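A.B. asks: Next come the chains, spelled out residue by residue.
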Amino acid sequence: MLKVTSESLLWLMLALPFLGSLLSSILPARKRNTAGILAGVVMLLASVVAIGLYSSISEGSVVRSRIPWLPSLGLEIVLRLDGLSWLFAALVLVVGFLVVVYSRYYMSPEDPVPRFFAYLLAFAGSMVGLVLSGNLIQLVFFWELTSLFSFLLIGYWYHNERARSGARMALIVTATGGLCLLAGVMLLGKIAGSYDLDAVFLAADRIRQSELYLPALGLILIGAFTKSAQFPFHFWLPHAMAAPTPVSAYLHSATLVKAGIFLLIRFWPVLAGTEAWFATVTTVGLCTLILGAWVAIFQQDLKGLLAYSTISHLGLITLLLGLNSPLATVAAIFHTLNHATFKASLFMAVGIIDHETGTRDIRKLSGLARYMPITATLAVIAAGAMAGVPLLNGFLSKEMFLAEALDLHRESFAGRTLPFLATLALAFSVLYSVRFIHQSFFGPPPQDLPREPQEAPRWMRMPIEVLVVACLVVGMVPALTVAPLLGAAAYSVLGPNTPSYSLAIWHGFNAPLVLSLLALLLGALGYVLFGKRLNRQDGTPLVGVFKGRRAFETVLSLLIRGARRTMEFVGTRRLQPQLRVLVLAACFAGLLPFLRYGYQGGTKVGTPLDPAFALIWLVGGICAVAAAWTAKYHRFAALILMAGAGLVSCVSFVWLSSPDLALTQLLVETVTTLLLLLGLRWLPARSRDLWPGSRTPWRVRFRRGGDVTLALAAGSGIALLSYAIMTREMPNSISRYFVEHSYPDGGGRNVVNVILVDFRGFDTLGEMTVLAIVALTVFALLRRFRPAPESVRSPEQQRLQDASDDAREGRERGDTLADYLLVPRTIMEWLFPAIIVLAFYLLMRGHDLPGGGFAAGVTMSIALILQYLASGTRRVEDRLRVHPLRWMGSGLLLAVVTGLGAWWFDYPFLTSWFRYVDLPLLGEVPLATALLFDIGVFLLVIGAIALILVAIAHQSIRTTRRRPEPPLAVKSGEEEA
Amino acid sequence: MDFVASLGLILPELILSLTGLVLLLVAAWAGDKASSAISVAGCVALGACFFLVARTVCAGASGPDTVAFFGQFRADAFAGFAKLMIYAASGAALVVAPAFFGRTGQMKAEYPVLILFATVGMSLMVSAGDLLTLYIGLEMNSLSAYVLAAFLRNDSRSSEAGLKYFVLGALASGILLFGMSLTYGFTGTTSFEGIRAAVGDGLNGGTLFGLVFVFAGLAFKISAVPFHMWTPDVYEGAPTPVTAFFASAPKVAAVALATRVAIEAFGSQADAWRQVVIFAALASIVVGALGAIGQSNIKRLLAYSSINNVGFILIGLACATPKGVSALLVYLAIYVAMTVGSFVAVLMMRAEDGTPIEGIADLAGLSRTRPALAWCLAMLMFSLAGIPPLFGFWGKFVVFQAAVQANLVALAAIGIAASVIGAFYYIKIVKIMFFDEPADTIRGKSDWAHWALLAISAIVVSPLGYLLTAWLGKLADGAAAALFLLA
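Chains H and P supply the protein sequences, listed in that same order. Going by the working numbering, 1040 is the number at position 831 of the first sequence; the sequence numbering is gapless. Going by the working numbering, 1370 is the number at position 243 of the second sequence; the sequence numbering is gapless.
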């Protein structure tokens, strides 16, 4: 029964702060008191719950509560309370309660206080979640949550520039660390086989021996060091001091920075005990300890002093944890607790000073003890604890630290120097503590303060009083107060290895005591000697040049500028370089298999190369290259050259014995070239002078050279690959089936035609539809087309002819044209019936011999185009009555009806039927229903090409009408087709 | 598998194609007045298909019963999972458009039709069981996409985006087609099953060529580095609803398609392509993060962010394990929610007179002028950065976990380290919105549809999203299992 209760209490403890945060966030911004009371009650309740839970862990037992979440991923939500997490949770909640009380009086009524408390409570909840996590991923989750809420807390006064940059810096540093931590714990989970904390503890030996130990250790340490502001990541902490003082008091004493420490202690049983751990953690801790203390001496801002002192004390704790000694670990836990109490009270005291005097500048402050005697007393005691004065809690843990430092391997260099360095750092600590107290509270009355100092309200002092009493009580009677708590925490970390130790003020007159007294003396002496000079000092000697912030900002700006530069260099918005990159990347990708497997041609032997064929291909290649070369500067030439290349491919088809392909190719080539020629007329004129002085700059030549190289590389790569494929056995393709079944099943010997009209009739029907759509689209697009202004004028030759016609008597415009085209026109007009007969011939024989509906249709269209060329648009359209739309429509309809006809006879769609029929005049003719289908193709092709032709041809009529001078005689109503 | 059963399996595609065709006719006759009615009809069709597909996904459909048209088409749970995301994202693209285009009277009735056709293409892509189905689906989607990118005909940026996308996309399609023909040339088949059988006992040089070029072509479609350069330009130039569409649905389709090709056709040779995928993943993460830093236009920034995200998605593919594919799907689902949400937030950035605003500087102090929008966008940004407690963290986590389990420890570690750079610029945006002095240019009113979508995606990326994890993980596991059952 008790078990159940403590488990549910765990959930309550975690949920309370978040609930409070939610409630507080919906309060109106002015409800300062309500928010304060709400937050206080929530924190108090949670603290009571935490304290109530002590009994269940005091005997070294562990309370667990798990909710299976995603068992397949090894994820459970586990709350796990042992001595260590209890200690931290209690610290977080109790100090949290005190901070809430303090903040209520600290925050000014202008601030949106409910939001402040919402952030603070959520942060406290995240901290509780972090320390209670029994699952590594859950731990990282709450870890990042603390980063996020601390970001919001530090940046709470967003109107302050320093708060904004401080918040961002803190978030970037700690969130980065959090991501590293995530990577680290994932490795840990991989080694241990589970993310469950208990499983990880059990796998401790396996983890330390694993080859992934070092990367895991490194990543986890980065996470811990960034969070607990260890050198060299310490720089964010002083800048986070721009936050409201209660936030600093909370984040930098008991919570945020202690999360890093908590992590180190939590993983101590798993990760510690190796050389790598010792070397890294000790070194980092020692550096942080000394550096922080040294810099703290020279601070003129009270909060800055406390910030660096915090860094230094965190270094001390880290150093202790690095020593791989159980006793040192106990000392570390103890000092964590002590530091939290005295540092929180000191921050609050500084907050009072700031609040009451309006400044935190140590040089302006003096003799405040007479205005605020109680605060002064409290601060003196807390600072004494910070300096390690006997009878206060700081003294005890410091003694343990010194004992451990002395106890380290005496033979090594590090072992011998450590006690001295430790004493030095402690002396520094004494020095800045004395400076802090003496400068602010003693001496002559202050002058020129922004505000008249006075004692703080009672409730604002209360939290400090509580904490200072704790310092005193722990310092004087440790065994009666803190010993059991510390024992439980230490046991949960060290288990049966927990060393025996005694918490007492007096251990006899031994070496640690001597060093401790020495440090006190040295520190006091230092202040007497240099105290005055410190006030005049700007910046820190020795290490002042190395500003963490500057380094951070340099790194950031390097990153930003570097990223911009790189993107400017490799990124571009222009299409050409993008194409180049694309081709280049493809070439490079193609290179990979070459490098891996080398190049092998196939086994099939190619036919010997005929010189004539090679010559044809040479011509074709030259045509193609030349077409590309002139494409930009001379479109007409490029088009003709392209036609040349097309012709060569026709010849190749003939050469390779496929006359049907050659015929089709030839016809299509002709039609497309003619249509393109007609269209060319309306393109905008090319710019003649691309480069001033008609000299191409070297830059451009270089670029073009690169493009040529790239084209050559890509082209030869493709050629090589094609060769490799074509010299291999062809895979079992479908073509053999077609060749074998073309006559028995389709009744035709022209395999291509049978495929088109029979085997793949459905595809052809689709393609017919596409062709019809294309024709309609061309028509629709050109109907609204208006040529570029410079293309509207008639061509030069026509203008000359017109001028000459105008100049002479008795001649009409167009006479010259009609005269000199007489012979070709007559020929072309007489050709018309001949071509039509040819078209019908091709259509009829298509099923067995080269030809077919498509070829016939294209042939017929050529006849039409010739008429247009010979006689001009108007004349042709006066006589010819081809309605393109009707032709296209009937073609499609015929094809579909033919297909549907098969259904009549219970065959699938488009099944064809064939028979030989004896026709008069023509003899025996193979007749298949496929022929009907082919006629459909024929009609459609003619219609489509005629429609395109009409659309292009009518450009000339329309633009003539738009010319300024009156055009040739135009019959109205003809221009819109 | 007979014809009728096959037709039953492609029912969603049939519904979408027929709806698209009918709506096209409606659009031709009724004109742009009917555009909102057509949009609604398109949404209804998408919704119907969504529920049709949801059934197969929930049942974890796999095996021979899901194969239609002799292996050309697969309607398994994997395809279904991808289709759910595609339909949802396409629906979002339909919903957000009227308010955007309507302001200037540029809402045309073709828009919903084009989206529907693109969706059919994507549907085919993710279900492809054959290189030819793959290509047809891809081109169907791409052709619609080219037109959509240039949808604002009078806007030079939009036209440029469309042209650029077309030219580069055509080249990439050529590369893809070349790779496919090489694959066919060396294996003698175009079906994934046949290719798998042919490469079962090792790749030869020729097949590797085919593989490399097929992957290069697909890399363009998912905008993985080094085939990413079109992304920022097209995303910036295209109208924002279209950009939202591009960043979500086609990306899902292309990733799912690449996964299917990699696992189903070349799964036995994972070692041959893993290196390439790892390279593309890391390069995308780094380039995406670095590229985003210097941007001042939020659409360009999101474009780079999508490149960055593709990198993380590819980590899941590099695992080549069921866990990896499942992680990839989970990531994709979260990614779609985040992307749609972010772009809807961009859509809501309007000046007083309704002109769209795209500058990052204009976001300054948004938390004070438009707190709700600022909070939603901040959540989306933190989620994209993968910072807990937002849901984006979960996607990153499952992907990294899969990588660690597949012994790709270094990849996971480098990926996490590189995500740090990414976190930087997301945080920058949050800082600008919350801490900077208000620029107060964003004052326009927003459509209720935008608010609704933004709210939905904000809820999904919020910590409440974690309630979905168990369910999402189960579906993704089922989908991945269906894929590996065939492989």
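In short, the hints are calculated from the structure, not lab data. Only a predicted model underlies this, so the values are computations on that prediction, with no experimental measurement involved. Just so you know, not all the hints are guaranteed correct.
Derived lysine to any residue pairs resembling SDA-like cross-links, with alpha carbons at most 25 Å apart [as the list claims (entries may be wrong)]:
| # | chain 1 | residue 1 | chain 2 | residue 2 |
| --- | --- | --- | --- | --- |
| 1 | H | Lys-813 | P | Thr-1316 |
| 2 | P | Lys-1601 | H | Ile-286 |
| 3 | P | Lys-1235 | H | Arg-275 |
| 4 | H | Lys-399 | P | Trp-1578 |
| 5 | H | Lys-841 | H | Gln-1006 |
| 6 | P | Lys-1601 | P | Phe-1177 |
| 7 | H | Lys-399 | P | Ala-1397 |
| 8 | H | Lys-841 | H | Ser-858 |
| 9 | H | Lys-399 | P | Thr-1316 |
| 10 | P | Lys-1235 | P | Gln-1532 |
| 11 | P | Lys-1555 | H | His-368 |
| 12 | H | Lys-841 | P | Thr-1448 |
| 13 | P | Lys-1555 | H | Ser-766 |
| 14 | P | Lys-1235 | H | Ala-989 |
| 15 | P | Lys-1160 | P | Leu-1259 |
| 16 | H | Lys-841 | H | Leu-793 |
| 17 | P | Lys-1160 | H | Thr-243 |
| 18 | H | Lys-399 | P | Val-1547 |
| 19 | P | Lys-1235 | H | His-368 |
| 20 | P | Lys-1601 | H | Pro-277 |
| 21 | H | Lys-813 | H | Ala-928 |
| 22 | H | Lys-240 | P | Trp-1575 |
| 23 | H | Lys-813 | H | Gly-924 |
| 24 | P | Lys-1601 | H | Ala-989 |
| 25 | P | Lys-1555 | H | Arg-993 |
| 26 | H | Lys-399 | P | Pro-1449 |
| 27 | P | Lys-1160 | H | Arg-992 |
| 28 | H | Lys-399 | P | Gln-1532 |
A.B. asks: Compare the structure with each hint and give your call.
C.D. replies: Each hint, compared with the structure:
1. Lys-813(H) / Thr-1316(P): holds (20 Å)
2. Lys-1601(P) / Ile-286(H): With a Cα-Cα distance of about 18 Å, the restraint between Lys-1601(P) and Ile-286(H) holds, given a limit of 25 Å.
3. Lys-1235(P) / Arg-275(H): Given pair Lys-1235(P), Arg-275(H) is violated - Cα atoms ~56 Å apart, limit 25 Å.
4. Lys-399(H) / Trp-1578(P): Cα-Cα ~42 Å, so violated.
5. Lys-841(H) / Gln-1006(H): holds (24 Å)
6. Lys-1601(P) / Phe-1177(P): holds (18 Å)
7. Lys-399(H) / Ala-1397(P): holds (23 Å)
8. Lys-841(H) / Ser-858(H): holds (24 Å)
9. Lys-399(H) / Thr-1316(P): violated (41 Å)
10. Lys-1235(P) / Gln-1532(P): Violated: Lys-1235(P) and Gln-1532(P) sit about 50 Å apart, past 25 Å.
11. Lys-1555(P) / His-368(H): holds (17 Å)
12. Lys-841(H) / Thr-1448(P): Given that 25 Å is the threshold and the Cα spacing comes to 51 Å, the pair is violated.
13. Lys-1555(P) / Ser-766(H): holds (13 Å)
14. Lys-1235(P) / Ala-989(H): holds (18 Å)
15. Lys-1160(P) / Leu-1259(P): Measuring from Cα to Cα gives roughly 38 Å; hence the hint is violated.
16. Lys-841(H) / Leu-793(H): holds (23 Å)
17. Lys-1160(P) / Thr-243(H): violated (55 Å)
18. Lys-399(H) / Val-1547(P): holds (22 Å)
19. Lys-1235(P) / His-368(H): Violated: Lys-1235(P) and His-368(H) sit about 46 Å apart, past 25 Å.
20. Lys-1601(P) / Pro-277(H): holds (15 Å)
21. Lys-813(H) / Ala-928(H): holds (16 Å)
22. Lys-240(H) / Trp-1575(P): Given that 25 Å is the threshold and the Cα spacing comes to 32 Å, the pair is violated.
23. Lys-813(H) / Gly-924(H): holds (23 Å)
24. Lys-1601(P) / Ala-989(H): Violated, at roughly 52 Å.
25. Lys-1555(P) / Arg-993(H): This hinted pair is violated, its Cα atoms lying about 49 Å apart.
26. Lys-399(H) / Pro-1449(P): holds (18 Å)
27. Lys-1160(P) / Arg-992(H): holds (24 Å)
28. Lys-399(H) / Gln-1532(P): holds (7 Å)
Going through the hint list in order, the structure does not satisfy hints 3, 4, 9, 10, 12, 15, 17, 19, 22, 24, 25.
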